[in-house]
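Q: Okay, here's what each chain looks like letter by letter:
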Amino acid sequence: MDIVKFLPAGDSAITVEFGREISKELNKKVHALNIIIKERDISGIIETVPTFRSLLVYYNSLILDYDDIIKILKEMMDKIETISLPPPKIIELPVLYGGEEGPDLDYVAQYHNISSEDVIKIHTATNYLIYCLGFTPGFPIMGGLSPDIATPRLKTPRTVLPANSVGIGGNQTGAYPIESPGGWQIIGRMPIKLFDPDRENPILLSAGMYVRFFSINHEEYNSIKAQVEQGTYEYKMNDMEV
Amino acid sequence: MGILIHNGGFLSTIQDAGIIGHQQYGVSICGAIDKRSFNIANILVDNAENEAAIEITILGPSIEFNKSNVIAITGADLSPMINGEPIQMYRAILVNMGDVLSFGAPKTGCRSYISFSGGIGVKPFLGSSSTYIRAKLGGFNGRKLDKGDIISFKAPNTNVKNINKRQTDKEDFGDTKRIIRVVMGPQEDYFTESGIHTFLNTTYKVSNMFDRMGCRLEGEVIEHITDGNIVSDGIPLGAIQVPSNGVPIILLADRQSVGGYTKIAAICTVDLPFIAQAKAGDEFMFKSISVQEAIKLLRDEREALDALRVELDKDYFAAKPYNFKVSVDGRQFEVLVEELGQ
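Chains as they are written, first to last, in numbering that gives the first Met the number 0: chain A, 0 to 241; chain B, 0 to 341.
Because the hints were derived from the structure by calculation, they are not lab data.
Where a beta carbon is used, it is the ideal one built from N, C-alpha and C, also for glycine.
Facing chain B, a subset of chain A residues (Cβ under 10 angstroms, in silico):
1. 7
2. 9
3. 14
4. 55
5. 131
6. 135
7. 137
8. 176
9. 179
Required output: the full structure, derived from the provided sequences and hints.
A: This is the structure:
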């Protein structure tokens, strides 16, 4: 059983470490603590960063001593087993696979000696857990990619990838919320915006959410894109049945 | 009305305290890297401490004022001038419409702050005026300032209280060899005893690779027990990451919120300005202190900043008003003359 550790990360943050591996159970605890902190809304806790297996808690050390923040966090930890976590949300994201939008789809298929349709079938068959967001605004770091389509990164990363490109990098899958350089195998693109600075919630995804991709064609892509521009697109988000 | 950029300098960006509360979504904090100099610049012009300012780097910009205002310049000494004449740093300075603020040879330090009384206006991103360069968001169109850019003043004030007395000691960033205080961890236990000893007893040099995201050091390799990889977790400001190659990197304002390399220690908040002011070739030696000691230093600094504001805002009274009896055309008047606190 992993013992929780409270580790100072400088003089203004504490890492609450639940363990050192990637597991859904550890991740649930991270989210449980995060929820308790948000609910308690303690003045002096500035923000938190939930990751795979730890929670980084930034605190205002002008008003909270180190001992104070540790005490607060330990008290919250006592509640962790008893709080009932809300069911995680699952969001379904539309993807136009292959062609210009997914230039590496065929390579991934060939790499595994299967057809491109099979790659799509496998990619869309899993509910991926978002362990955390990081690297760029809204970039989902997800688990659960089938080894049947896991493919090594490009030897030479592309200098520019269009926003909302969907890809595979090693045994990870995800999507790029903003235009950026990238070394992943790009298998498709989404007409929705993972990140939109003008939207009320600029970032669509959050850690603890599940993502499921579904395949669309060119017409649907254009139609959804237009709806997104008009602000009328309704994202398919539901409580997950666990 | 405000300023027109004639030349953007090396890297001039609008920054404030940073984009707070969104690291959980992968949004970097950004913001002024040398917070102390940034705060002092604002206090000198009677602004809220975290009002947006311009952070300049090594080679400063050339800025024309098309409206008068009061400014202050703190941090590195990059030879600030108005209309070609050197001006004093760490004091409130009245700049007139038509004046040009420019910078000459960088003398000490790396980053300097220009504050403007009443602040400057940009479209906020997630509540902040800071520039998130990597994401091309925030600040002035998500980028460094360039020729032709126009930035408006929010509430220019040439009548700042006690303007002639609004000055304070210049912080000297000329020391190119420093002891930097750190709090050990959170992955201290990934390093061998020998590795920790190396870290705390070696002089590290700043390499050519430093920017707003981080500062790569050169020096003796730090030994891990296994390697420098961890399951990615949160990265605090000033964290010292040591990847498997054993060479430390200090992470700064534009760092990513999460990362997968071991962090041996994090720099104390009060010593971060020295990292912000460091240039290639500068040398550091790290000294471990406890969290409690680091927090005490932080609080002492806060007290000093608060005291500075109180000092600058104090009311100046004449010793006594002058009392005159004046006779005009045979009539007697009593006149009271009071010296104003200017």
